[in-house]
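**Student:** For the protein sequence lines, the chains are P and C, in the order given. Quick note on the numbering used here: the first sequence kicks off at 65 and runs consecutively. Quick note on the numbering used here: the second sequence kicks off at 760 and runs consecutively.
Since the hints were made in silico from the structure, they are not lab data. These numbers come from a predicted model, not from an experiment. Even for Gly, the Cβ is constructed at its ideal location relative to N, Cα and C. It is possible that some hints are incorrect.
[What the hints assert, rightly or not] Derived DSBU-like pairs: lysine-lysine, alpha-carbon spacing no greater than 35 Å straight-line:
#1 C/LYS902 / C/LYS1049
#2 C/LYS891 / C/LYS875
#3 C/LYS875 / C/LYS889
#4 C/LYS902 / C/LYS889
#5 C/LYS782 / P/LYS155
#6 C/LYS902 / C/LYS891
#7 C/LYS902 / P/LYS155
#8 C/LYS889 / P/LYS155
#9 P/LYS155 / C/LYS891
#10 C/LYS782 / C/LYS902
#11 P/LYS155 / C/LYS1049
[Said to hold, decoys possible] Sample of chain P residues facing chain C (criterion: CB under 8 Å; computed from the structure):
#12 HIS69
#13 GLU72
#14 THR79
#15 VAL81
#16 LYS155
#17 HIS159
#18 GLU162
#19 LEU163
#20 VAL165
#21 VAL168
#22 SER171
#23 GLN271
#24 PRO274
#25 ALA299
#26 ASN317
#27 GLY321
[As the list claims (entries may be wrong)] Pulled from the structure, derived: some chain P residues nowhere near chain C, Cβ distances all over 12 Å:
#28 GLN71
#29 ILE80
#30 LEU105
#31 ASP122
#32 ARG125
#33 SER153
#34 VAL259
#35 SER270
#36 LEU296
#37 VAL322
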Amino acid sequence: MNPLHLQENWTALRTIVTKEVLRFARIWVQTLLPPMVTMALYFIIFGGLIGSRIGEMDGIRYMDFIVPGLIMLAVITNSYSNVVSSFFSSKFQRHIEELLVSPVPNSLIILGFVGGGVARGLAVGVGVTLVSLFFSPFSLHSLPVTLSVVVMTSVVFALAGLINGVFARTFDDISIVPTFVLTPLTYLGGVFYSVSLLPDFWQGVSQLNPILYMVNAFRYGLLGTTDLPLGLSYAIIIAFIVGLYLVALILLNRGVGVRS
Amino acid sequence: MSNVALEIRALRKSYSNGFEALKGIDLTVAEGSFFALLGPNGAGKSTIIGIVTSLVSKTSGTVRVFGHDLGREVQEVKRNIGLVPQEFNFNNFEPVAEVVVNQAGYYGIPRPEAWKRARRYLGELGLWDKRKDMARTLSGGMKRRLMIARALVHEPRLLILDEPTAGVDIELRRSMWEFLQDINCDGRSIILTTHYLEEAERLCRNIAIIDHGRIVENTTMRSLLAKLDTETVVLELRAGAQQLPAHDSIRLRHIDELTLEADINRGEDLNNLFQLLDGAGIRVQSMRNKTNRLEELFIRMTQAAESGGLSARGAS
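Use the sequences and the hints to build the structure in full.
**Tutor:** Structure (structure tokens):
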């Protein structure tokens, strides 16, 4: 990135992020409302009806235990789906060419789309948190940990969504990963249970799931309890951010999926 | 070379399936010129435009825009180019003004200035009243004009238009021609591809014809048209003519009962045509030039290239 064009690049980045935010805000009934309704059902069914029979998890009331995981579930899926659908539709309608013919560096295109994904992830996260207040008292153990983990996790899945969008050729391609990879990994990532309940073998398998670290770190931020070392969680999240960013940058520099 | 808008040397493009779209293109477009790039479908016009605008990767060769090398100074090249593509490629679900203002933002133009320019170009193209409408609600002609406004908002020195008047009615087409001529007169270089050869003949001072990935002609419009060895006029008759007179340098043929076409060799006086017709008792009611001179040349050149007879170009 040419430092002489810092001001221009900043304007370009703001333009992309604003455009992305306006995109999901215009269709808030499709983008912001459904996750809040879904999570309210989770709270009622799993937290209220079933949770009252489960009792405590790791010494915490079950309803309180699942709140961080469900917020994270909403943040992950919305960050991912915002970027994958936005990037793919910009390819499908060909308006990605508006960016490709302009002097915006690929790194800023990535940051812009990720910014939009993070904005939607956090907006939904705040919404789900507000819904959770109807079922569980607000608890905050560490604001820096909570904020840093939720933002970085959102970045990870926004980047992953972008890479999916780069490769996607049909609308089926943008739903395969969320359905068959993301949702199972999230459900098995300690949203509804503590991994300490699992037999040793399955605990080991679970530890290969990166979402487990993210959910646990976020739960630590809110409740002060975690199954895994916080430092390891941060290391894994940062490693994913760096790795996925580099992959996305290489793909765009090579023009994969966007240039013939 | 500051007086050259676009310089292409030995440009080649091969796709992974082995198809060779460009087979070593050399092309120079002078700054300030209105340049026509013509060719049949699949000749390679859009591939050249795609490479120059960074939408298509080149296989080999060099591209320079106002002296900036596409391989080493891609951002500078992009700053100098505005593209009006063949297909609509804006977000249909954005308001018209946002399409233009966002494009300005991608070029680093601050929001207040972007709005000023959007007002100017949308106004000049008759779209300012539609600024709040969703882009998808515009008519085909309006969508074409929206893409022109978007391409101009960063005030590029080189405007590339890939079939900008396709599907546009004749009245609107003529107003777009006037607009393009105006911005060319202001010093902006323009490259135009079109299937309307009348459009190229009317607007462009320079022309290149591409066929099967090769440039088969690259000259001024005037010298290209001068290569035509005959001029054709259409004659409307007062009454049908049974027998047509013969002449060495004037060839007459029936189009229908009351219409003749006359091919007149270059240098032959029109008076001779009328003497010939008068002598045969043929009364002419009106006469007009046949307007598809460029079309005639175009067909001859692309057919010559197809048959491998590139040396036959020029039709002289």
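**Student:** Taking the hints in turn, state whether each one holds.
**Tutor:** Do the hints match the structure? See the list:
no.: 1; hint: C/LYS902 / C/LYS1049; in the structure: holds (32 Å)
no.: 2; hint: C/LYS891 / C/LYS875; in the structure: holds (15 Å)
no.: 3; hint: C/LYS875 / C/LYS889; in the structure: holds (16 Å)
no.: 4; hint: C/LYS902 / C/LYS889; in the structure: holds (11 Å)
no.: 5; hint: C/LYS782 / P/LYS155; in the structure: holds (28 Å)
no.: 6; hint: C/LYS902 / C/LYS891; in the structure: holds (14 Å)
no.: 7; hint: C/LYS902 / P/LYS155; in the structure: holds (19 Å)
no.: 8; hint: C/LYS889 / P/LYS155; in the structure: holds (25 Å)
no.: 9; hint: P/LYS155 / C/LYS891; in the structure: holds (24 Å)
no.: 10; hint: C/LYS782 / C/LYS902; in the structure: holds (34 Å)
no.: 11; hint: P/LYS155 / C/LYS1049; in the structure: violated (44 Å)
no.: 12; hint: HIS69; in the structure: holds (7 Å)
no.: 13; hint: GLU72; in the structure: holds (2 Å)
no.: 14; hint: THR79; in the structure: holds (3 Å)
no.: 15; hint: VAL81; in the structure: violated (10 Å)
no.: 16; hint: LYS155; in the structure: violated (11 Å)
no.: 17; hint: HIS159; in the structure: holds (5 Å)
no.: 18; hint: GLU162; in the structure: holds (6 Å)
no.: 19; hint: LEU163; in the structure: holds (6 Å)
no.: 20; hint: VAL165; in the structure: holds (5 Å)
no.: 21; hint: VAL168; in the structure: holds (5 Å)
no.: 22; hint: SER171; in the structure: violated (12 Å)
no.: 23; hint: GLN271; in the structure: violated (41 Å)
no.: 24; hint: PRO274; in the structure: violated (33 Å)
no.: 25; hint: ALA299; in the structure: violated (35 Å)
no.: 26; hint: ASN317; in the structure: violated (11 Å)
no.: 27; hint: GLY321; in the structure: violated (13 Å)
no.: 28; hint: GLN71; in the structure: violated (7 Å)
no.: 29; hint: ILE80; in the structure: violated (8 Å)
no.: 30; hint: LEU105; in the structure: holds (30 Å)
no.: 31; hint: ASP122; in the structure: holds (46 Å)
no.: 32; hint: ARG125; in the structure: holds (44 Å)
no.: 33; hint: SER153; in the structure: violated (8 Å)
no.: 34; hint: VAL259; in the structure: holds (43 Å)
no.: 35; hint: SER270; in the structure: holds (41 Å)
no.: 36; hint: LEU296; in the structure: holds (40 Å)
no.: 37; hint: VAL322; in the structure: violated (8 Å)
In summary, the structure is inconsistent with hints 11, 15, 16, 22, 23, 24, 25, 26, 27, 28, 29, 33, 37 from the numbered list given earlier, while agreeing with the others.
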